[in-house]
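Keeping their order, the protein sequence lines are chains A and B. Going by the numbering used here, the letters in the first sequence line up with residues 32 to 484, in that order. Going by the numbering used here, the letters in the second sequence line up with residues 919 to 1347, in that order.
Honestly, I wouldn't trust all of these hints.
Derived pair list, reagent style SDA-like, types lysine to any residue, alpha-carbon separation capped at 20 Å [to be verified]:
(1) A/Lys59 <-> B/Met1292
(2) B/Lys1212 <-> A/Val57
(3) A/Lys65 <-> B/Glu1090
(4) A/Lys301 <-> A/Thr397
Hints were generated in silico from the structure; no laboratory data involved.
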Amino acid sequence: MKSIRRCQFLISLFIVLFIAGMAALVIKIHREAKFYMTHSGTMSLGRVYDRHGDVLYTGTDDDGSSYPDNYFIDVGSLIGDDSGQMENTLVARNTDKLNNYSFTAGLVREGGKAAIYTTLDHEANRKVYDAFGSQKGCAVAYNYKTGELLVCTSLPNIDVTKGYDDIANFESGTLISKVMYGTVPGSTQKVSTVITALEIMGADRLFAKRYTCEGHYTNKTGGVIDCHNIYGHGEQDIQQALENSCNPFFAQLVADSDMPLNKIKKIYGKLGYAINGEEMEYFDIDGIQCERASTTLEDTDDFRTQWGCIGQGDTLVSPMQLMMWQSAVANGTGRMTMPHLIAKVTDVYGDVCERGHTEFSEQLFTDDNAACVRQMMLTNGANHYSELIPGYSLGVKSGTAQVDEGAKENSLLVGFVDDEDFPIAFCILIEDKDSGSVKTDQIAKTLLDALSE
Amino acid sequence: MVNNPIAYLFSCIFVLGAHIAMLANVMLSDGSGGSFVLLAAGVIGLDLVCFTVMPFFRQQSYTIDFMLILVLNMSVIMQSCFGGVGFAVKHWITCIVALGACRVGYLLCRDHKWLEMQKKYYYIGIGVLMLITVLFTGSRSMWINLGENTSIQPSEFIKPLFVLACATSVTEQQKRHRILGFNVVYDNLALFGLTAAICLMQWWCRDLGSLPTFVGIYAAGFLLRICYPKTKFSKKSLVGAGLALALAAVLAVFFAPEYVRERIFSDIWSDTSGNGYQQSKALIAIAEGGWFGKGPTNGFLHEVFAHENDIVFATICEEWGLLFALMTVLALIMMVAVPLISPPRSYFHATMSACVCAAFTVQMALNIFGSCNMIPFTGVTIPFISSGGSSMLVSGLMIGMLSACQSPVFRDPEPFRFNAEAPKRRRRA
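So that you can see chain A by itself, here it is in the shape it has in the complex:
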């Protein structure tokens, strides 16, 4: 009988293993059914709202005709739709959350309450969008304490309710949010180089360094780095060089024997740069992919490397990442606050099934160095922007990026508000700055005023 029991034990084992597999299958199907439905071609998408309940996307059962003309144009390339024309948008990346479907209720075509409530402030976003006028570019701002994205607009843009019939005549960049893609950062890159120098040699040694600017700098390999001030800034320290945005100073700093290449690469790598053609990675903002920074660091005496550390040439950084570095400085911790766009998600019954939460990156640089850079930027803000953007205690750094092989220049401004009750970090990009009269500080003022209302 004992031997028969062995057989029964083996039969039980087969059955138990199979039933365990079936249980795993049921759990898998139940958890992933929403994802499967996104491939079904039959969806019933709910709405997307801003932080005040304003509609940003109308859902499958509403063609948006009841809204004013171009009502959604400031968020078109960020929020997107399910047409398949734009892949890197909130709706396209979260159709499973937005679909009025549950495994129990099935696909609810009418009356479903699936929705995404975003952290965006539509009114402020719209004001910033309008402030660009006829110029192109983008602007992004978030709460650097919580990571809530408040403003994220890009120009040119699209009102998705109008469809894509005229897609052949769309301007370049209409269907992407430029906030998420790499751009030449110009002198805003110098913030990264300052952080790197501080990490390598410490504040005392860095502030003791003095270099002379004569309007240009010829490096050891014969490469010439020009300064925007053709008469030169004379002898400066790091604070003055940052405020003057002096290229020759930073080129000499990179070439300094106290700045070994391997250490620069290490700190840049920690900041998130893909160096010397490393595989480009992305970071995820509620499904939306945002490009990581990239640059070339081959030889500190070489023009290309020095030019890259100044923020020109091969260096590319997305406005989103420029803003995130500001959070690491503004928080005084050296940790970036990771941005998020989704505040909460409701299911087909209207019950909250997911909430956004604050996350921080690993420590990119020390607290002391964060505090040091913070003070340097606040000094720059107080000395140069207190009249342009009155009413705010700002830490800022501007930049001018040469694009199209120097044919055009983009204007950038990154910064943060030094206010516990109004902790905003931002990045503004105006493309081809000479094509219009709008300045980055004007956009920044509009942005901060709109958010503080």
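Chain A is fixed; fit chain B onto it per the hints.
Frame of chain A, contents of chain B only:
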């Protein structure tokens, strides 16, 4: 004729009631046209015939038989509703074939001593079937085309013979021989060689989907051989065998043919129109069906190739719901779990039950988990649920073997002789 007529009657009512409830569901979903009437007549008629015929086979237990007719007619109803009501005559006929095969399996496998004596014929039978597979199927395929959209898979018929081969010679475990410093049992070597040959054939015929079924049967048989009383098979050897099996599985993945590796490592959602077509459609159908299904005849999966066999679980989920599909699988599992409630009375029958259980569970797992993208997708069937003549016949035969384990006969072995003279009567002294 029946030990407990009341239990028999209530079992009949239960099976008939289940089928009538399903038919009512179909009627509510798709009206009551001529096809529905045919379907209802086919299902209820087959139920009644079975209930009438079954008592003529004097069995100690009819549990498996009732479960079988329940599952078979469930599958007839489900197969008849994929994409619209149309009586699946071919499937219904194969179900009758399966019932017949079950009777044959039952009658042949009741006497374990007689079965032990036929051991050499299992090996010969398997050899012949392998030869037929290699010689008469298409180029590196498992099917012999008989024309008129009909084909037969000879390798399927190896399964019951292989189960019998695994169940025999258990008592030989105590007879060990020393070869090259190892204690070996000749029978185990023969069985291992047979398994290896079958695996090679499956590899050659590019039907690696059935391979785990054979390995499952062999594993069950082998384990019960080495666990036979007084075999003194050390635990170290057992662990070693397990590790060797695991290593073989890893090596198999590494050295698998390209088409298998594609299935193992491909992301079905990035290739929904290629390798991932059937699985992605199956999962979408399951999601659309939800717990309670869209209703019989209301699915879309019937438009996908192999909806009635390879991805039949998903087709049922879509139309009848995941709950119903799970109940169907549960009915099948209960069938192979009967030896747990009513234990076999010989080690041979117990081993045979375990091997049949292994074959059924592995086959169901391959089909269901494969079509749902938990494991690589294979073309094996769910016994009695998927359509397919060879599969139905063999599954019926194997379930008949299981049924025989419930009603064994015990006789002294008599040597098999051709033209044997009738035994002379002994005269009383």
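Distance restraint between lysine 1212 of chain B and valine 57 of chain A, which requires alpha-carbon spacing of 20 Å or less: 18 Å, holds
Hint consistency between lysine 65 of chain A and glutamate 1090 of chain B [alpha-carbon to alpha-carbon, up to 20 Å]: Not OK: lysine 65 of chain A and glutamate 1090 of chain B at ~56 Å, beyond 20 Å, violated.
Restraint check for lysine 59 of chain A with methionine 1292 of chain B, where alpha carbons must lie at most 20 Å apart: Roughly 9 Å between the alpha carbons, so the hint for lysine 59 of chain A and methionine 1292 of chain B holds.
Satisfaction of hint between threonine 397 of chain A and lysine 301 of chain A, Cα-Cα up to 20 Å: 12 Å, holds
Hint violations for this structure: number 3 only, all remaining hints satisfied.
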